[in-house]
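Peer 1: Chains as they are written, first to last, in this note's numbering: chain F, 1 to 98; chain R, 1 to 98; chain C, 1 to 119; chain U, 1 to 119; chain L, 1 to 137; chain S, 1 to 137.
You may find that some hints are simply not true.
Said to hold, decoys possible - Think about it this way: if two alpha-carbon atoms lie no more than 27 Å apart in a straight line, the pair counts; the simulated BS3-like pairs of lysine-lysine are:
{"#": "1", "chain 1": "F", "residue 1": "LYS77", "chain 2": "S", "residue 2": "LYS59"}
{"#": "2", "chain 1": "F", "residue 1": "LYS2", "chain 2": "F", "residue 2": "LYS51"}
{"#": "3", "chain 1": "R", "residue 1": "LYS24", "chain 2": "S", "residue 2": "LYS5"}
{"#": "4", "chain 1": "U", "residue 1": "LYS65", "chain 2": "U", "residue 2": "LYS23"}
{"#": "5", "chain 1": "U", "residue 1": "LYS49", "chain 2": "C", "residue 2": "LYS65"}
Source of the hints: derived by calculation from the structure; they are not laboratory data. Predicted model only: the values in this text are computed from it and were never measured.
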Amino acid sequence: MKLGVFVSQYSRENDTLSRLKAEKLGVILVQNGVYNAALKEDGKSSPILDKGTTVYALSEDLQTRGLSVDSVDSKVKVVDYDGLVDLIFNEYEKIIWL
Amino acid sequence: MKLGVFVSQYSRENDTLSRLKAEKLGVILVQNGVYNAALKEDGKSSPILDKGTTVYALSEDLQTRGLSVDSVDSKVKVVDYDGLVDLIFNEYEKIIWL
Amino acid sequence: MSKLTIGCFSSLVGSMTTDFVVKLAEAARKKGHDVDIWLSGNGTMLSKKGQRSFKDYSSLEKTIKELVAGGINVTACEACAEARGYHKEDLIDGFGRKSMDWYLASCFSADRVLHIGGE
Amino acid sequence: MSKLTIGCFSSLVGSMTTDFVVKLAEAARKKGHDVDIWLSGNGTMLSKKGQRSFKDYSSLEKTIKELVAGGINVTACEACAEARGYHKEDLIDGFGRKSMDWYLASCFSADRVLHIGGE
Amino acid sequence: MAIKKIAFVVDKLPYKTETSRLALTHAISSQTVEIHLEEDENITPVLAFVGEGVLNCIKDHKASDVYGITSLESHIKNALLTDIKVLICEEDVKRFGLTADSLIMDAEELGADITSELVPFDTIMEEMNTADHILYF
Amino acid sequence: MAIKKIAFVVDKLPYKTETSRLALTHAISSQTVEIHLEEDENITPVLAFVGEGVLNCIKDHKASDVYGITSLESHIKNALLTDIKVLICEEDVKRFGLTADSLIMDAEELGADITSELVPFDTIMEEMNTADHILYF
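Please construct the entire structure, taking both the sequences and the accompanying hints into account.
Peer 2: Quick look at the structure:
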């Protein structure tokens, strides 16, 4: 299965995310989930970025919170709402929202 | 200050709670906070019970969730809504809800 | 006799927070305390008239009207209510509708304040 | 052309979830996709007519009515709405009101489902 | 015959919001979904409790006595009564120090034929894998 | 003269719900509370951001451009403009890898005389200690 996981909250520990198994797994950071893309808590980037999956972050939600696209970790691809639609239809078959 | 802290969520790590300092500090478990009174996750009771403060749990919210008063850790005093009112007026001066 | 002010900000229909507030207010009143309840944010939901009673949802309109008749003051934030499309005519009889400073004034004269935040 | 069904359960006035849903639906529609939106739980708030527009709250009534005019289907859970005191006459024109099985049927024919849960 | 499988996965606690309740009521509404579908179409729901969601399945809820509302317990029993497959993650049950004895495993008193099943997370993952859509509550 | 101090403590993230916004609007409403009080009575608010709440104070919110709503930034600047003491927990700021440069420290462009203050958590604890009531958002 190709599974896209929307992460809408800022929580560095994400039990659910770490258990999911899929042939193709992608993480899409939205709402307060975008803090995971930019903050380095205690000097370390969010463990969510180290799962070996592709990670996206929604530009509109970064900007809303004063997080500039420049501040985003290099592992993260920044997309806008248009890009989200393409991810949903072209990259993943099933989608869940955490 | 005599500070009563209502804990309304089940979260074993509670950053806020561990930082609060008060001459007298009490923890009052309500809503999903009552799981802290009864569950032994990985065999251990909730760290919230080990702060050396008095811990209360609301009987109505335990029962709602299928947690019997017998299952509650011996460190926890079980109170009902009537008891909450007395705690608020007689034991603490200020109250916060986490 | 002491006064308790309860600020209820978080409550959603379907959560238990309004239930908690109503039961605590009832218990405090029985012990002779004055009680003010401030409904703000999604808590203003509790002030909406005509909520249909289903078994899946606690139906608080009757209980809280009895509490108001027994001397408890329930006041909803006017702006929060309007933003949700709850207009003056939607307010349960006996409830107040005020601006936010009312809550602070209620806290001023309260012996205890229980502020229930928003999540 | 593919179909996206969005279930919006969590949204509260004052949170950004309804905004997210509306913007995503708009972007999907622009790319030629069909979109169904199901409003359940507190998400039914979005279906309430007469929400006053304040600068502190995103005001979505106008945008979403345009989306409905442009072919998006927005349907609110009837029981969840009634439990909140939102009656038939409170529904924004052009919106639907159905029982929960409508959502499952929409999922049946959808290519993609984005279910946004309740917290 | 076109049958689609929808996985309802619950990982939230009960009563905090109505999330888990809505998962149950929506899953049960699959019983009436045919009215919206063509004759040869249908939906098979599967309901799985994972993470903190397994705490919904602790038995003996007194929500009705205390707060006058339907308990999650009665919803879960209704799901069993309507033959919905109910899976509970056994790793999480164990982690919380629970056993089948403390969980809602059947609805015999209502006349339900099936029971809840304690299964490894991998089994639940496989249900998600084979589902057409996943509704994650 | 009876003056009561109320501490507004924010430890929630912005925009998830309106919690932090309501903390700001209620704190600012202390400016008009006199209409409900006796002549010699008043309220002094103090506003403190702790934990994840400090993330409300990151500057340059584009909430208005993107979603058409007032940003938390503009609320915080209004608080400074109305001379409300704004405290930000420096341990938490440091933990999140932020500095004063990235935070809303003043509202000079609006003509505010006071600035936000980065202070240790103990200072905020002491404000709670000396407050008559604490509203924990």
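Peer 1: Determine for every hint whether it applies to the structure shown.
Peer 2: These are the hints, each one checked on the structure:
no., hint, verdict
1, F:LYS77 with S:LYS59, "holds (23 Å)"
2, F:LYS2 with F:LYS51, "holds (16 Å)"
3, R:LYS24 with S:LYS5, "holds (20 Å)"
4, U:LYS65 with U:LYS23, "holds (13 Å)"
5, U:LYS49 with C:LYS65, "holds (26 Å)"
The structure meets every hint from the earlier list without exception.
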